[in-house]
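Enquirer: Mapped onto my numbering, the consecutive letters of the sequence shown carry residue numbers 77 to 171.
What the hints contain is simulated information worked out from the structure, not anything from laboratory work. Among the hints, erroneous ones may be present.
Stated by the list, open to error - With a Cα cut of at most 30 Å, we get these calculated DSSO-like pairs of lysine-lysine: (1) K145 with K109; (2) K104 with K94; (3) K94 with K109.
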Amino acid sequence: MNEQVVEFVIRDRKFVFKIPYNDYVPFKEAEEKIISLIEEINPPAEKLDAGLVYAALQLAIENNRLSQKTKNASSDTEQRIEEISEKLNIFLNQQ
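Go ahead and model the full structure; you've got the sequences and the hints to work with.
Expert: Now the structure itself:
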């Protein structure tokens, strides 16, 4: 797998990671969100690690909510497709 090294800085602390090339854009979006969350909760310097964990937890919670919404929407769509298909079959069989 092709990987690249990425880094970002939060309050003069540099974090370096290896990620797959195709994860670069999602990584940068997550990086922006984490930095925003850290600025929002504004932990003292000695609690920055706890702040990062909290930000990661917030992202995980948001991800789970979006995932659940997607699953629910997909299930609703599948059900509607089945209902429409059934109605279409009934209509076609009437003729």
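Enquirer: Each hint should be assessed against the structure and marked as holding or not.
Expert: Checked hints:
For the hint linking K145 to K109, the alpha-carbon distance of about 20 Å falls within 30 Å, and the restraint holds. The straight-line distance between the Cα atoms of K104 and K94 is roughly 13 Å, inside the 30 Å bound, and the hint therefore holds. For the given pair, K94 sits about 19 Å from K109 by alpha-carbon distance, which is consistent with the 30 Å threshold.
Taken one by one, the earlier hints all hold for this structure without exception.
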